[in-house]
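Trainee: So you can see what is in the structure, the chains are spelled out below.
Number of protein chains: 4
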Amino acid sequence: MRILFVGDVMGSRGRDMLATYLPQLKGRYRPQVTIVNGENAAGGRGITGKIYKEFLQAGADVITMGNHVWDNRDIYDFIDTAKKLVRPANFPVKTTPGHGYVYVQVNQLKLAVINLQGNALMAQSLDNPFYKADELLAEIHRQTDLVFIDFHAETTAEKEALAWYLDGQVSAVVGTHTHVQTNDARVLPQGTAYLTDAGMTGAYDAILGVKPEKSIERFLTQLPTRYEVKEDGRGVLGGCFVDLDETTGRARKIEPVKINADNPFDFDA
Amino acid sequence: MRILFVGDVMGSRGRDMLATYLPQLKGRYRPQVTIVNGENAAGGRGITGKIYKEFLQAGADVITMGNHVWDNRDIYDFIDTAKKLVRPANFPVKTTPGHGYVYVQVNQLKLAVINLQGNALMAQSLDNPFYKADELLAEIHRQTDLVFIDFHAETTAEKEALAWYLDGQVSAVVGTHTHVQTNDARVLPQGTAYLTDAGMTGAYDAILGVKPEKSIERFLTQLPTRYEVKEDGRGVLGGCFVDLDETTGRARKIEPVKINADNPFDFDA
Amino acid sequence: MRILFVGDVMGSRGRDMLATYLPQLKGRYRPQVTIVNGENAAGGRGITGKIYKEFLQAGADVITMGNHVWDNRDIYDFIDTAKKLVRPANFPVKTTPGHGYVYVQVNQLKLAVINLQGNALMAQSLDNPFYKADELLAEIHRQTDLVFIDFHAETTAEKEALAWYLDGQVSAVVGTHTHVQTNDARVLPQGTAYLTDAGMTGAYDAILGVKPEKSIERFLTQLPTRYEVKEDGRGVLGGCFVDLDETTGRARKIEPVKINADNPFDFDA
Amino acid sequence: MRILFVGDVMGSRGRDMLATYLPQLKGRYRPQVTIVNGENAAGGRGITGKIYKEFLQAGADVITMGNHVWDNRDIYDFIDTAKKLVRPANFPVKTTPGHGYVYVQVNQLKLAVINLQGNALMAQSLDNPFYKADELLAEIHRQTDLVFIDFHAETTAEKEALAWYLDGQVSAVVGTHTHVQTNDARVLPQGTAYLTDAGMTGAYDAILGVKPEKSIERFLTQLPTRYEVKEDGRGVLGGCFVDLDETTGRARKIEPVKINADNPFDFDA
Ligand SMILES: [Fe+2]
Ligand SMILES: [Fe+2]
Ligand SMILES: [Fe+2]
Ligand SMILES: [Fe+2]
Ligand SMILES: [Fe+2]
Ligand SMILES: [Fe+2]
Ligand SMILES: [Fe+2]
Ligand SMILES: [Fe+2]
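Chains as they are written, first to last, in the numbering used here: chain A, 1 to 269; chain B, 1 to 269; chain C, 1 to 269; chain D, 1 to 269.
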């Protein structure tokens, strides 16, 4: 099973990059499932129902989220009926709307897509993502061995630890949240594909997608300056491609996807 | 000017990787200056005088450090006389032994190597690294325009912000600390080479160089289990190569260096 | 039901203060239950089996703990058989030895003593203490309405929030961990006694029980200087007295207990 | 010299409490200088020019601030001309408007009032407050030995450490920020009056001045619910009174000031 994942889409520049390159990437990788992290899609802060639909129409099968999931209050209006959107599964069970995982049907097969959030150095304090993964897999493994996790976390330690913990139990653990793609895509010894961070999709001449001068100003002044997402200029798209052995659920390979002015998409490749 | 940088060398496995591959890398890149981050060289915690000398003999010109600089108390005995070792320059001026930057002479030219540490999500609270860079550059720019910074920091935001802040004023900003190489090496618009993290050098089947079961145990139990550095098995080396225009101090190019079982060193390349 | 609580006993100076004043305090308050927080009893770091027994012999009925519970590895040898020791109940259920609450029999009545730890600004990431309290109370309320909680937490917000959340459901929420007694003892509207922090028991001319020069040195140097508990000089004892209505479980009153050189124990009061 | 200090005034309920009780407190303590922390005066978030003037007219001589100083953007319009307002002195020197300390003239004498902010567990990363105090005192001590510091910080360790560090060099170190008054007012061995936290001024049946249900909701849901300041109901006023020996600058005594429904102001005392 071929899966294409696109990391945190940041504002309108990110949505443009997605619209421009998703068809090209689909042409190249012929993914059977396309997953897009949309936690920053609406001006850097959350997502709207309108953007959610746009993403599906543009070819996404599942939208994953992260700590910014609730930033745009539009989410409360559509999350319970959004069948293709997953927010971190380890938010409190009793009070959190929406779903933490979803199944995608591909011919006779099912892929489970889980969204989890880390606790280390994160502002929110959620249920332990390791035990939450155990709990969800006890359920999911009755349905399928094909499992993709978007682990939205800050530290490399927590990300690597979850991947090694689940090695052999899930098909892929792909990290998001830092907005910088890492150069460590690999298949772990028991067959789980891993990438610490898929990187972001948005403005290239920016700091995590934010106007450089605004981000720098905060470090210089320590004042509560408002971040402004960079909406113009050169773009970047970050993600990865994963190929799974459908009989075992193990990954055959994982490779990063990176498009920017220094690494333009090669239409002839 | 050609510069080779090697990221956080972690324990004996890291020292072995350095000993094995530094000659090969020198053969390929012919660096005029070789810089090695040694903050984890002694069993993951700091560095000893003996290891410092080994690194110099193995071909390092400068050793950079980070938050773990003081972990091995041997450092206090030799840091003030260690002419080739730099610890984060933004530790308190009044009380911190050692040096925050050093010059390396290459024929008629001088390269300044600075070590700085970030404040965002770090346990220590140091002088603002942005203003510290300004202060040091006011001095250094009287000597040279060739400046390499090892910025030891946790968050991608602080790392990118410092690089963009100093774009055009220094030759390179290369990050360390997360132990995972990022896939974003680039030359910024005004000529500063940038890489968010160079990655680590040590065990490949490990979590930041630590035995996976020990790191996982901490996330599962929240008990103060002691990390154990993985000292055997397959290795990884992370770093980067930077080429500078000596007349302007600007970077011509930067590329990641990565050696591991999935990306073995190609002796014929 | 009359309950005496003594806050974090810090090292030998704290143990001396407890030995000296517990008899006096018992004479004054005639508590039916005496609870002592022992997370720092062994040189500031955890507790030993020997000290645990000493505390019981000195008149403690229950020993509560906190984030330092595992610092002295002696704990692993005796915690499972220590019937009067409670460690934070919201450590992971699967992997944590010991108990999170205990019953104390007083004539025909039972008092449940719970230990919980906060998550806000704490190094460990535990199960949500609010939901954990719900879960434990569902069980405990089948046995008794007399419930005392030692909530070991950093922020005043999390402490006040838990107390207001449980107001009317438990008899008392008393905070520990900051080592400084707060001046806000009160009975909340629905009958729960509350004190943000009971304060510590140990050296008075010290910083949280640590030698001032050692604590200051860390803020000045940002080096990993080792804390040294102050073991001599003037002492302080912090705690509180709570009186409960046994038929309802509600608190009649709560008052701070504070003994130090500026507020000596008045033997004639 | 007699000084009255009032801790974080929180929203309109806090302003009402100040208006009601400041005359009474002045009658009792006859302070020569009255200092009020106003960082939460405007709906919990910062202060406006209008409120600043109200406070001066109500009898405050100096307004101190804290991490919330910039929350209400009105501050940028009047801070540079506000001669009686001090914001944390250790914000970056180059970019921060306003002043970090101010002198108050009392007959022939001058009192310096300094505002500093802690770094431990705080969201902002400011200049080291210990060294900043040294720097300011080198200047101030040429003018006066009467020095009052409002140290706005989270941890009891950093607050106690600064007080012990400055013991004998300043007249008083009084903490703010946690909104809960501590029960540890004392004069340190070399003559500096100290109180870890003066407590807040605002609604009494509230969590740090916020509506309980709103604060609890955040701990239960981990959603970004907006805090709502409680503006009605019973009130609390927290502060302290300090008496200084004018010839030495040392404190004669410090005592907490606390008014609430359980500890009503005794008009006849
Ligand atoms: Fe994001
Ligand atoms: Fe995120
Ligand atoms: Fe490191
Ligand atoms: Fe590090
Ligand atoms: Fe403690
Ligand atoms: Fe503690
Ligand atoms: Fe405040
Ligand atoms: Fe504050």
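Just so you know, the hints here were simulated from the structure itself, not pulled from any lab data. Since the model is a prediction, treat every value here as computed from it, not as a measurement. Don't take each hint at face value.
Which copy? The list can't say, so a pair holds if one copy fits it or any two copies do.
[What the hints assert, rightly or not] Below are the SDA-like pairs computed for lysine to any residue, each with C-alpha atoms no more than 25 Å apart in a straight line:
hint : residue 1 : residue 2
1    : Lys214    : Pro189
2    : Lys84     : Gly100
3    : Lys50     : His99
4    : Lys94     : Glu139
5    : Lys84     : Pro224
6    : Lys132    : Thr95
7    : Lys26     : Ala261
Trainee: Of the hints stated earlier, which fail here?
Mentor: none
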